[in-house]
Amino acid sequence: DQQVKQNSPSLSVQEGRISILNCDYTNSMFDYFLWYKKYPAEGPTFLISISSIKDKNEDGRFTVFLNKSAKHLSLHIVPSQPGDSAVYFCAASGETSGSRLTFGEGTQLTVNP
Amino acid sequence: GAGVSQSPRYKVAKRGQDVALRCDPISGHVSLFWYQQALGQGPEFLTYFQNEAQLDKSGLPSDRFFAERPEGSVSTLKIQRTQQEDSAVYLCASSKYRDRSYNEQFFGPGTRLTVL
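Same order as they appear, the protein sequences are chains A and B.
Those letters in the first sequence? Residues 13 to 125, by the numbering used here.
Those letters in the second sequence? Residues 524 to 639, by the numbering used here.
Just so you know, the hints here were simulated from the structure itself, not pulled from any lab data.
One should not assume that every hint holds.
[Said to hold, decoys possible] Each computed EDC-like pair below joins lysine to aspartate or glutamate, with the alpha-carbon atoms no more than 20 Å apart: (1) K580/B - E567/B; (2) K80/A - D36/A; (3) K66/A - E627/B; (4) K580/B - E107/A; (5) K49/A - E567/B; (6) K619/B - E107/A; (7) K580/B - D13/A; (8) K49/A - D36/A; (9) K534/B - E54/A; (10) K49/A - E627/B; (11) K80/A - D67/A; (12) K534/B - E608/B; (13) K66/A - D36/A; (14) K83/A - D36/A; (15) K17/A - E117/A; (16) K68/A - D36/A; (17) K68/A - E627/B; (18) K49/A - D96/A; (19) K619/B - D579/B; (20) K66/A - E107/A; (21) K619/B - D547/B; (22) K83/A - D43/A; (23) K17/A - D43/A; (24) K601/B - E591/B; (25) K580/B - E594/B; (26) K17/A - E567/B; (27) K580/B - D609/B.
Input sequences plus hints: build the corresponding full structure.
This is the structure in structure tokens:
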């Protein structure tokens with residue numbers, strides 16, 4: 013059963029505009045969420061995280077929003093740049109799952125110049 | 524560089540062969556993880572070490588998969604009698620602390636295993 017879901021396999025946006033990547037989870041025990049970015053032939057690179065005690069975390073152009081009641085989080089990238097084109101993975105962990113990360117399927121973001 | 528390294532980067536094995544995949548974590552990192560990533564999917568957890576102790580191996584898909592980290596640094600993932608369904612990218616990650624939160628996992632580039 014897929015506990016972390018990214019329902020959009022791909023997203024295309026224009027340079028300078030906002031990119032919004034979405035993620036839903038089903039396990040109510042998850043309390044720490046992360047976004048990773050992956051370029052081809054490289055490992056995932058950590059972008060930003062959020063604890064369940066917060067509903068927003070911001071780091072430069074990247075902001076993650078968490079809606080616990082809806083079990084939904086989103087990553088906003090403003091402004092989007094062509095170098096942001098990559099696969100973005102949402103991941104989660106919880107007390108009962110220990111340090112392991114549970115990943116979504118990923119969303120391919122393409123930022124067009 | 525000071526990142527996580529993995530070798531080999533690519534491995535082709537005939538069905539039934541044994542393979543060994545190596546991970547060199549970031550120096551001093553306590554925690555080490557192995558994940559399996561099938562084509563078009565997100566990484567899936569295999570196993571977790573804290574120093575040399577294997578604390579969680581619940582993600583290993585069968586008893587053909589075995590991982591070790593004998594001195595708490597380098598780790599090896601071994602797959603015996605490989606099958607075609609073992610074809611995937613195997614990712615290793617390390618993190619500095621034992622704690623779960625605010626303890627970023629740094630990933631290596633992965634080993635792409637193809638079983639013919």
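Tested hints:
{"no.": "1", "hint": "K580/B - E567/B", "verdict": "holds (12 Å)"}
{"no.": "2", "hint": "K80/A - D36/A", "verdict": "holds (10 Å)"}
{"no.": "3", "hint": "K66/A - E627/B", "verdict": "holds (18 Å)"}
{"no.": "4", "hint": "K580/B - E107/A", "verdict": "holds (17 Å)"}
{"no.": "5", "hint": "K49/A - E567/B", "verdict": "holds (16 Å)"}
{"no.": "6", "hint": "K619/B - E107/A", "verdict": "holds (18 Å)"}
{"no.": "7", "hint": "K580/B - D13/A", "verdict": "holds (19 Å)"}
{"no.": "8", "hint": "K49/A - D36/A", "verdict": "holds (17 Å)"}
{"no.": "9", "hint": "K534/B - E54/A", "verdict": "holds (16 Å)"}
{"no.": "10", "hint": "K49/A - E627/B", "verdict": "holds (13 Å)"}
{"no.": "11", "hint": "K80/A - D67/A", "verdict": "holds (8 Å)"}
{"no.": "12", "hint": "K534/B - E608/B", "verdict": "holds (14 Å)"}
{"no.": "13", "hint": "K66/A - D36/A", "verdict": "holds (17 Å)"}
{"no.": "14", "hint": "K83/A - D36/A", "verdict": "holds (6 Å)"}
{"no.": "15", "hint": "K17/A - E117/A", "verdict": "holds (7 Å)"}
{"no.": "16", "hint": "K68/A - D36/A", "verdict": "holds (16 Å)"}
{"no.": "17", "hint": "K68/A - E627/B", "verdict": "holds (18 Å)"}
{"no.": "18", "hint": "K49/A - D96/A", "verdict": "holds (9 Å)"}
{"no.": "19", "hint": "K619/B - D579/B", "verdict": "holds (17 Å)"}
{"no.": "20", "hint": "K66/A - E107/A", "verdict": "holds (17 Å)"}
{"no.": "21", "hint": "K619/B - D547/B", "verdict": "holds (14 Å)"}
{"no.": "22", "hint": "K83/A - D43/A", "verdict": "holds (10 Å)"}
{"no.": "23", "hint": "K17/A - D43/A", "verdict": "holds (16 Å)"}
{"no.": "24", "hint": "K601/B - E591/B", "verdict": "holds (8 Å)"}
{"no.": "25", "hint": "K580/B - E594/B", "verdict": "holds (18 Å)"}
{"no.": "26", "hint": "K17/A - E567/B", "verdict": "holds (13 Å)"}
{"no.": "27", "hint": "K580/B - D609/B", "verdict": "holds (17 Å)"}
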